[in-house]
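Chains A and B, in that order, are what the protein sequence lines are. Following the working numbering, the numbering of the first sequence begins with 1 at its first residue and continues without gaps. Following the working numbering, the numbering of the second sequence begins with 1 at its first residue and continues without gaps.
Warning: the hint list may mix true and false statements.
Which copy is meant is left open, because identical chains are indistinguishable; a pair holds if it fits in one copy or across any two.
What the hints assert, rightly or not - Below, a list of computed lysine-lysine pairs in the DSS-like style, where the Cα atoms sit at most 30 Å apart: (1) 203 <-> 56; (2) 56 <-> 17; (3) 203 <-> 67; (4) 67 <-> 23; (5) 127 <-> 53; (6) 6 <-> 67; (7) 6 <-> 206; (8) 53 <-> 206; (9) 53 <-> 35; (10) 136 <-> 17; (11) 160 <-> 23; (12) 136 <-> 160; (13) 136 <-> 56; (14) 206 <-> 23; (15) 136 <-> 23; (16) 160 <-> 206; (17) 6 <-> 53; (18) 67 <-> 56; (19) 6 <-> 56.
FYI, nobody ran anything at the bench for these hints, they're computed from the structure. Please read all numbers here as calculations on a predicted model, not as lab measurements.
There are 2 protein chains.
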Amino acid sequence: MEYPSKLLTEIVSEIAKLPGIGKRTALRLALYLLKQPVEQSENLSQAIINFRKDIKFCEVCNNISDKPVCDICSDPSRQHQLICVVEDVRDVMAIESTGEYRGVYHVLGGLISPLDGIGPSDLSIDKLIERIENRKIDEIVLALSATVDGDTTNFYLYRKISGLPVHPEISTIARGIGVGEELEYADEITLARSILNRIPFEKSIKQDK
Amino acid sequence: MEYPSKLLTEIVSEIAKLPGIGKRTALRLALYLLKQPVEQSENLSQAIINFRKDIKFCEVCNNISDKPVCDICSDPSRQHQLICVVEDVRDVMAIESTGEYRGVYHVLGGLISPLDGIGPSDLSIDKLIERIENRKIDEIVLALSATVDGDTTNFYLYRKISGLPVHPEISTIARGIGVGEELEYADEITLARSILNRIPFEKSIKQDK
């Protein structure tokens, strides 16, 4: 497709670099902006550049934060000996929204992915190891996605942490049948794990509020 | 959902104002930009603001163009007495890519849509009328979408143009069964139109190249 204007060609090509957005959608979005007040484009443009240039990360847990130390890490009522390791800020938000976790986090900023050329040094793993070595950590909860990259990262972290002079407990979030999910539609591996990792019934009813 | 940073809140809220993009997708896109070189965000931000602020429209046909008069309107080999009326630049690009049309265009910049508060004065209809009155136009082809808004705009234009002292022919693009489409899956209205507007077989085989 040939566009009748260089400015149009540029905006379409830049928007279409975003994941999941093709040239057609990019053109639709550009034409949409054209019909909106110029302020909307100004705000969007400004928000993108401000975010990318000025975003800061918590010095302790590496989560996105406007302050040097994020609200969670600086909250004295949280359990600072319990660290939940997650991929990115979305996982922190998801776990926080459950209201069931009172520990702190460590945000890796991605997963080890040999196919995408992402190795351990691209993630904030050294910072996590330092944290475990220097503060008295009781437990590390590995809460990564149940994907190949997630498993690779889990194993890497497990071996790395096991080799340290300090020995925090290392746990991982439970895999099983989702609440409200029907058994017959669950895949075999999930179902097998949920049987192998069964828990006392009394414990389970206590968790239903 | 509460975001741990003001900059993150802003970028998500601005991206999510785009049509068809929700807050989840907006967050995913923002985090994607964070993993890319800062130049990508700079280019995107710049392309948006340049496009919105500096985009120009052809003085004749109102299509997006970098020059005062677009390439099509300034091409002496095109038939300037034949005007195809379309909604936006995407339609011009689609018709141009067929290679079957040698006339010129008039880009309305939208459709009349009472529900969205878009009236005739929001579109470049006055400019079209002026063009028809002042240049010797032989034929106007209405090539708008077959939607309620498209039909409304078709009728409005038809009445407006019919009332002029000059009388160009007014035609509309053929509605019918798409090439390669199976008859049984076509809707009744389209099928009925394609029977009512049947054409001589010999004319049809000449169009197959």
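Checking an output row: residue 136 and residue 17, CA cutoff 30 Å. Within, between, both or neither? Answer is neither: 44 Å inside a copy and 45 Å across each miss the 30 Å cutoff.
With identical chains, the pair residue 206 and residue 23 could be close in the same copy or across copies; at 30 Å between alpha carbons, which is it: within, between, both, or neither? neither (52 Å within a copy, 34 Å between copies)
Tell me, please, which holds for residue 136 and residue 160 at an alpha-carbon limit of 30 Å: within, between, both or neither? Intra 17 Å, inter 81 Å, cutoff 30 Å: intra-copy only.
Is it within, between, both, or neither for residue 56 and residue 17, if the alpha carbons may be no more than 30 Å apart? For residue 56 and residue 17, the Cα distance is within 30 Å both inside one copy (24 Å) and across copies (24 Å).
When Cα atoms must be at most 30 Å apart, do residue 6 and residue 206 count as within-copy, between-copy, both, or neither? Neither. Shortest intra-copy (63 Å) and inter-copy (38 Å) distances fail the 30 Å Cα cut-off.
At most 30 Å between alpha carbons: which applies to residue 203 and residue 56, within, between, both or neither? Classified as neither: same-chain Cα gap 41 Å, cross-chain 67 Å, threshold 30 Å.
When no copy is specified for residue 53 and residue 206, does a C-alpha distance of 30 Å or less occur within a copy, between copies, both, or neither? neither (47 Å within a copy, 60 Å between copies)
Given a CA cutoff of 30 Å, do residue 6 and residue 67 count as a within-copy pair, a between-copy pair, both, or neither? between (41 Å within a copy, 10 Å between copies)
State whether the alpha carbon distance between residue 136 and residue 23 is at most 30 Å within one copy, between copies, both, or neither. neither (52 Å within a copy, 38 Å between copies)
Is the C-alpha distance from residue 67 to residue 23 at most 30 Å within one copy, between copies, in both cases, or in neither? Only across copies: residue 67 and residue 23 sit 23 Å apart there, 38 Å inside one copy, limit 30 Å.
With 30 Å as the alpha-carbon cut-off, assign the pair residue 160 and residue 206 to within, between, both or neither. neither (35 Å within a copy, 73 Å between copies)
Tell me, please, which holds for residue 160 and residue 23 at an alpha-carbon limit of 30 Å: within, between, both or neither? Neither way: residue 160 and residue 23 sit 43 Å apart in one copy and 36 Å across, limit 30 Å.
When held up to the earlier numbered hints, the structure conflicts with 1, 3, 7, 8, 10, 11, 14, 15, 16 and fits the remainder.
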